[in-house]
Amino acid sequence: MTEIMKYDVVVVGAGIAGPIVARNVAREGYSVLLVDKKPAIGAPKQCAEGINISIFERYGIPYDKRFINREIYGARIYSPSGYELEIRYKKVSGVILERKVFDKMLAFYAARSGADVLSRTEVEDVIRENGKIIGVKAKHEGEPVEIYGDIIVAADGVESTIARKAGINTYAPPHEFDSAYEYEMLIDGFDPELIHLWFGNDVAPRGYVWVFPKDEDRANVGIGINSDNPKTAKYYLDKWLKENNIPSKKLLEINVGVVPVGGFLKELAKENVVVVGDAARQVNPMHGGGMAEAMKAGTIASKWIVKALEEENLELLKNYTTEWWEKDGKRLERVLKIRKAVERLTDEDLDVFIEVLSGTDAEKIAEGNYTEVIKVLLKHPKVLMSARRISLLKELL
Amino acid sequence: MVEKIKIIVNEDKCYLCGGCAGVCPSLAIKVSSSKWEFFQDKCISCKICINACPVGALDFEPLEG
Ligand SMILES: Cc1cc2nc3c(=O)[nH]c(=O)nc-3n(C[C@H](O)[C@H](O)[C@H](O)COP(=O)(O)OP(=O)(O)OC[C@H]3O[C@@H](n4cnc5c(N)ncnc54)[C@H](O)[C@@H]3O)c2cc1C
Ligand code: SF4
Ligand code: SF4
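Listed in order, the protein sequences are those of chains A and B. Heads up: the first sequence runs through residues 1 to 397, numbered per the UniProt record's numbering. Heads up: the second sequence runs through residues 1 to 65, numbered per the UniProt record's numbering.
Some hints here could point you the wrong way.
Partner residues are not named here, just some residues of chain A that face chain B (Cβ under 7 Å, in silico) [as the list claims (entries may be wrong)]:
| # | residue |
| --- | --- |
| 1 | Ser179 |
| 2 | Tyr208 |
| 3 | Thr232 |
| 4 | Lys234 |
| 5 | Leu252 |
| 6 | Gly257 |
Distance ranges between label pairs, derived from CB positions [as the list claims (entries may be wrong)]:
| # | chain 1 | residue 1 | chain 2 | residue 2 | range |
| --- | --- | --- | --- | --- | --- |
| 7 | B | Ser26 | A | Glu310 | 32 to 40 Å |
| 8 | A | Asn130 | B | Glu37 | 26 to 34 Å |
| 9 | A | Leu251 | B | Lys35 | 23 to 31 Å |
If you want the ones that stay clear, here's a sample from chain B, every Cβ over 10 Å from chain A, calculated [stated by the list, open to error]:
| # | residue |
| --- | --- |
| 10 | Lys4 |
| 11 | Ile5 |
| 12 | Glu11 |
| 13 | Cys17 |
| 14 | Ser45 |
| 15 | Ile48 |
| 16 | Val55 |
| 17 | Glu64 |
For the record, the hints were derived by calculation from the structure and aren't laboratory data. Glycine is no exception: its CB is placed at the ideal position from the N, C-alpha and C atoms.
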């Protein structure tokens, strides 16, 4: 027999975005169900686990050592020929999480705030009545469940099945995704206070190789490349390890995933369906970081979900689209433009740029202040020697 | 005309990461927490999924007729 459930809000996906929405809406006294197809929320991880320190205060998340593996003080960037650029802050700038614990704790905070949470519950389709979406069809431990809800939140990650079943076109061409592959492994010789990033068209086409330290001698070592590349992300990462004489026989985990890095969903809410996080492609296209963006979007979405329920007016959900695009969409579109320019850089350009930039410039890049750095580059003789470089940079001003 | 194909998965290589389902323009792939599924009737033979898989777990077979 099919079990029937009824909630004000049904949230599909307990990654980052889903639990933030579920927690915020449940706190206001509305009934919320958060479901995830995974038997253990957070596992397997599909992430390098790096995040800015500011999220804890900004989104009301406890700074809990159970899910913070390591505090990070900056980054070192390596060019194809080995030039290095370092940013080192005096204070902690970011952390490397344990996402298996983090995601589960976010769901736990949602549960504690009043939401119901069901793991091992896969949503398969939406339920419509007279053309209107009134709920979702799912399977909980293999048994059919029908979950009715006034508002459905598609926080189901890059697959975005639910948004698509609800008739929201989340399609993006293959070039707008990155394929990512990562080992959590033993690795020596990298300053564990910094994250490390390697760029180069042969190293990681369109993307980069990363080492995100978890212990003195353990790290997430991964790569992201353009999804339409005829070679796999695994091929490029194994090649990089080999070329750098890094032993790869101490692999504790293998993590795989696809990251939407090429543009953002235009319509974030349609009737009573709201799309948030990777499902809406709300990812920083420069570095592929999506956790903070998912939290930002989840916060805006939950505000309008609460308002829509309070005023019994689903039209208000459209304000989520408007507010996100005004605040974050605009900012991320600019980042995307810069990413597209970086995509056109040759290895020689990358060498020159990384060679001539200072740590202070790198700090500005990390803060998202690209304009000043572009101006610095435009004054440098090595940049001025190339008309192509000048025009590329000028496009971005 | 595009050659009609069937997508096949190497289950031993697949991590059920959902990436191929995400890039598929026509919902022809479904990835649950325990299995990978393909729906021939929806597939438009674009092969986008094959390149996108980070580990090369997907391949294709031409369909006759
Ligand atoms: C290899 C890799 C490295 C990365 N590194 C970083 C990093 O260092 N820092 C960073 O900020 N970001 C990183 N990202 C991106 C980041 O992981 C995502 O942007 C982030 O997890 C998005 O959160 P989300 O809640 O939108 O989706 P997800 O975290 O993907 O959560 C979606 C959830 O929905 C569930 N789900 C899907 N379909 C259904 C269904 N039908 N029914 C029920 N449940 C369903 C899934 O099981 C999953 O738990 C990385 C991504 C990859 C692949
Ligand atoms: S992208 Fe590859 S590893 Fe991921 S689910 Fe599809 S076939 Fe499996
Ligand atoms: S070939 Fe295209 S339509 Fe068919 S499963 Fe792959 S991505 Fe989907």
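Quick rundown of the hints versus the structure:
1. Ser179: Status holds, d = 4 Å.
2. Tyr208: violated (15 Å)
3. Thr232: holds (4 Å)
4. Lys234: holds (5 Å)
5. Leu252: It is violated, given that the least Cβ distance between Leu252 (chain A) and chain B is near 15 Å, above 7 Å.
6. Gly257: Since the shortest Cβ distance to chain B is 5 Å, the answer is holds.
7. B:Ser26 x A:Glu310: 32 to 40 Å: Between Ser26 (chain B) and Glu310 (chain A), where Cβ atoms are some 38 Å apart, the hint holds.
8. A:Asn130 x B:Glu37: 26 to 34 Å: holds (30 Å)
9. A:Leu251 x B:Lys35: 23 to 31 Å: Holds, since Leu251 (chain A) and Lys35 (chain B) (Cβ atoms, about 25 Å apart) stay within the stated range.
10. Lys4: holds (20 Å)
11. Ile5: holds (16 Å)
12. Glu11: At roughly 14 Å from the nearest Cβ of chain A, Glu11 (chain B) sits farther out than 10 Å, so the non-interface label holds.
13. Cys17: violated (4 Å)
14. Ser45: holds (14 Å)
15. Ile48: Since the minimum Cβ distance to chain A is about 5 Å, Ile48 (chain B) lies within 10 Å and the statement is violated.
16. Val55: violated (5 Å)
17. Glu64: holds (26 Å)
In terms of the numbered hints stated before, the structure departs from hints 2, 5, 13, 15 and 16, listed from lowest to highest.
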